[in-house]
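Trainee: Once you have looked at the hints, place chain B on chain A.
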Amino acid sequence: MSNLRKVAIIGVGHSRFGNRYDARMDELAWESFSEAIKDANLTTKDIEFLVVGCAGGWSAEALPATLCSEYCGTLPKGSMRVEAACATGSAAVAVAYNMVASGYVDIAMTLGVEKMYESPTPVQVELIGRAGNFFWEFENFGMTFPGYYALHATSYMWKHGLREDDLAEIAVKNHYYASMNPKAQFKQEITVETVKQSRYIAWPLKLFDCCPLTDGSAAVILASEELAKKITDTPVWINAIGASTGTINLSKRDMFHKLEYTGLESAVEAAKQAYKKAGIEYERAAESLDVACVHDCFTIAELMAYEDLGFCKRGEGIKLIREKQTYNGGLIPVNIDGGLKAKGHPIGATGTSMIYSLTKQLRQEYGKIASPKAQATIKNGKALAHNIGGTGHYAYITILSLEKPSR
Amino acid sequence: MSELIENAKKAVTEKGLPVIEDAKTKIPLYISMRELPLRFQFGISKVQRFFEGLRDGKVYMTKCKRCGEKFFPPQADCPKCLTSDMEWVELSGEGELLTCTMIFVKPPTFAHYKDYIVGIAQMKEGVKVLAWLAVDDPKKVKPRMKVRLTTAKREPEGVITYHFVPLE
Chain A
387 MSNLRKVAII
397 GVGHSRFGNR
407 YDARMDELAW
417 ESFSEAIKDA
427 NLTTKDIEFL
437 VVGCAGGWSA
447 EALPATLCSE
457 YCGTLPKGSM
467 RVEAACATGS
477 AAVAVAYNMV
487 ASGYVDIAMT
497 LGVEKMYESP
507 TPVQVELIGR
517 AGNFFWEFEN
527 FGMTFPGYYA
537 LHATSYMWKH
547 GLREDDLAEI
557 AVKNHYYASM
567 NPKAQFKQEI
577 TVETVKQSRY
587 IAWPLKLFDC
597 CPLTDGSAAV
607 ILASEELAKK
617 ITDTPVWINA
627 IGASTGTINL
637 SKRDMFHKLE
647 YTGLESAVEA
657 AKQAYKKAGI
667 EYERAAESLD
677 VACVHDCFTI
687 AELMAYEDLG
697 FCKRGEGIKL
707 IREKQTYNGG
717 LIPVNIDGGL
727 KAKGHPIGAT
737 GTSMIYSLTK
747 QLRQEYGKIA
757 SPKAQATIKN
767 GKALAHNIGG
777 TGHYAYITIL
787 SLEKPSR
Chain B
4 MSELIENAKK
14 AVTEKGLPVI
24 EDAKTKIPLY
34 ISMRELPLRF
44 QFGISKVQRF
54 FEGLRDGKVY
64 MTKCKRCGEK
74 FFPPQADCPK
84 CLTSDMEWVE
94 LSGEGELLTC
104 TMIFVKPPTF
114 AHYKDYIVGI
124 AQMKEGVKVL
134 AWLAVDDPKK
144 VKPRMKVRLT
154 TAKREPEGVI
164 TYHFVPLE
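Chains as they are written, first to last, in our numbering: chain A, 387 to 793; chain B, 4 to 171.
Just chain A, with the same shape it has in the complex:
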């Protein structure tokens, strides 16, 4: 890290999430692109490279990076598409970060965008179910994405006495915060009963344990220290990035940590990497951060994230939920923008959406966008994004800080 330049976030933008039949992919990208440019007080020609995070497969356009470059007006600057399943957005941020840190460019934008509603839901079930080891998990066994996470929920229940009600409480929290977020897909609050009465998707997970399919985009502009200081008074620094890869086949897990499907090995590895760079002790992570966005594609995923990130010991995540310690004002506020669960999960834009929320939180602007009830108290000046691709196939942990990183 020592030879790298320091990198700051100088602008962020976010489209409304949801079923966005009203906007094509390029039009949807434009919403967050233009907002980020205005937020940074830049012009389009200042963007030297456009890194587009888009998983695709379910949408018509096969070349999203050039599509968005042309529509948004960054031509003829360089661009590329980055893919790391549901961690695509964070992987794309890591690529842009490295471009700026290395001195390749001074200003780069990461634009996450996804149009999931261009294919019908059954096609999505089929495509996302294949997000594993094709022959050994899908061809004969018909796994689905809720299924992969349900395997973790069952194991956690068997080991630690988790109840379906505990998982429901996570959904209730995230819907509560989404109800305040004007850009969220779901605006209605729910109760534990809502979750319990919903149908099973993949036992023991029910419909309200699962995030929705989402169209959306979110953009992040990164700049070198020298330029950031000229452009903004409120830079938010990329303090550390940790990345790790898990086995493609779930049956080969427990290579590095014996979690037996109660956590994600790659998330633990990525967190430890990022904490080391940021000077955060794994056991004291919750006290060292002000707010976190974690990858709650399913309620069980948020529970596992608490433990994988060291917010509590193994098996004690249930206690955090029961004591409401991850609400704003608790030990560590988690997903107080609504999370994937209720804000929505447009695959390629989810990572950049997390960075958007956390940047606004650290700048203490989130309360104005959503509600003062959803503005975290900023005392450490540090926030964390936990973005998982697949079922722990990819893990990216990004730590943001108000203070310039020391190395």
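These aren't lab readings, by the way, just hints derived from the structure by calculation.
Please note that a few of the clues may not be correct.
Said to hold, decoys possible - Selected chain B positions facing chain A (in silico; Cβ < 8 Å):
1) Lys13
2) Phe53
3) Leu57
4) Phe113
5) Trp135
6) Val138
7) Met148
8) Arg157
9) Pro159
10) Gly161
To be verified - Derived pair list, reagent style SDA-like, types lysine to any residue, alpha-carbon separation capped at 25 Å:
11) A:Lys573 / B:Lys29
12) B:Lys142 / A:Glu550
13) B:Lys27 / A:Pro758
14) B:Lys68 / A:Thr633
15) B:Lys127 / A:Asn635
16) B:Lys66 / A:Tyr407
17) B:Lys142 / A:Phe642
18) B:Lys117 / A:Ser584
19) A:Lys638 / B:Glu72
20) A:Lys759 / A:Met566
21) A:Lys765 / A:Asp640
22) A:Lys463 / A:Lys638
23) B:Lys27 / A:Pro598
24) B:Lys27 / A:Lys615
25) A:Lys638 / B:Glu17
26) B:Lys127 / A:Phe642
27) B:Lys83 / A:Lys765
28) B:Lys156 / A:Thr633
29) A:Lys790 / A:Tyr586
30) B:Lys12 / A:Ala409
31) B:Lys142 / A:Gln659
32) B:Lys73 / A:His643
33) B:Lys66 / A:Asn635
34) A:Lys615 / A:Asn389
35) A:Lys582 / A:Ser610
36) B:Lys18 / A:Glu504
37) A:Lys705 / A:Glu646
38) A:Lys638 / B:Phe54
Glycine included, every Cβ here is placed at the ideal spot set by N, Cα and C.
Mentor: Quick look at chain B alone, frame taken from chain A:
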């Protein structure tokens, strides 16, 4: 899905364009006339023994002759030793169930099966295996229950695969 295409074709006949109004949002949608059917084909020559084994009622893993590392799914190359000298070892079938799920919302290509239970078991040999568990209700499944891995014919296709049979 087919209803969508029928409506689009109707719209072409009536208005000359495959533009329909989404029933829920009332937003106009252009339905592409170009369907992309996808069916993959993949080479199996390096692990052909596995498929021959299925026909003989056996489930094989591979074991690196140099370092002893065991692989399931079986693979031809050892990333630790950078060698490709593998022994084919038949699994005894003795396993212990680590976790499971029951798939209610199925991929369209699985729609013709009854809801199915998928489990992961720890096998006696040290590897883990993911497969269907021949049980019809997840409530009948017990944590760490003993299971036996056997080959099985998947109907109605008649394709040979493998599954877990409960022993408790």
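Trainee: Does each hint hold? Answer for all of them.
Mentor: Going through the hints against the structure:
no.	hint	verdict
1	Lys13	violated (18 Å)
2	Phe53	violated (10 Å)
3	Leu57	violated (10 Å)
4	Phe113	holds (4 Å)
5	Trp135	holds (6 Å)
6	Val138	violated (12 Å)
7	Met148	violated (11 Å)
8	Arg157	holds (7 Å)
9	Pro159	violated (14 Å)
10	Gly161	violated (13 Å)
11	A:Lys573 / B:Lys29	holds (20 Å)
12	B:Lys142 / A:Glu550	holds (14 Å)
13	B:Lys27 / A:Pro758	violated (33 Å)
14	B:Lys68 / A:Thr633	holds (23 Å)
15	B:Lys127 / A:Asn635	holds (19 Å)
16	B:Lys66 / A:Tyr407	violated (52 Å)
17	B:Lys142 / A:Phe642	violated (32 Å)
18	B:Lys117 / A:Ser584	holds (20 Å)
19	A:Lys638 / B:Glu72	holds (13 Å)
20	A:Lys759 / A:Met566	holds (9 Å)
21	A:Lys765 / A:Asp640	violated (36 Å)
22	A:Lys463 / A:Lys638	violated (42 Å)
23	B:Lys27 / A:Pro598	holds (16 Å)
24	B:Lys27 / A:Lys615	violated (48 Å)
25	A:Lys638 / B:Glu17	violated (55 Å)
26	B:Lys127 / A:Phe642	holds (20 Å)
27	B:Lys83 / A:Lys765	violated (46 Å)
28	B:Lys156 / A:Thr633	violated (28 Å)
29	A:Lys790 / A:Tyr586	violated (47 Å)
30	B:Lys12 / A:Ala409	holds (23 Å)
31	B:Lys142 / A:Gln659	violated (40 Å)
32	B:Lys73 / A:His643	holds (18 Å)
33	B:Lys66 / A:Asn635	holds (18 Å)
34	A:Lys615 / A:Asn389	holds (19 Å)
35	A:Lys582 / A:Ser610	violated (49 Å)
36	B:Lys18 / A:Glu504	holds (22 Å)
37	A:Lys705 / A:Glu646	holds (20 Å)
38	A:Lys638 / B:Phe54	holds (20 Å)
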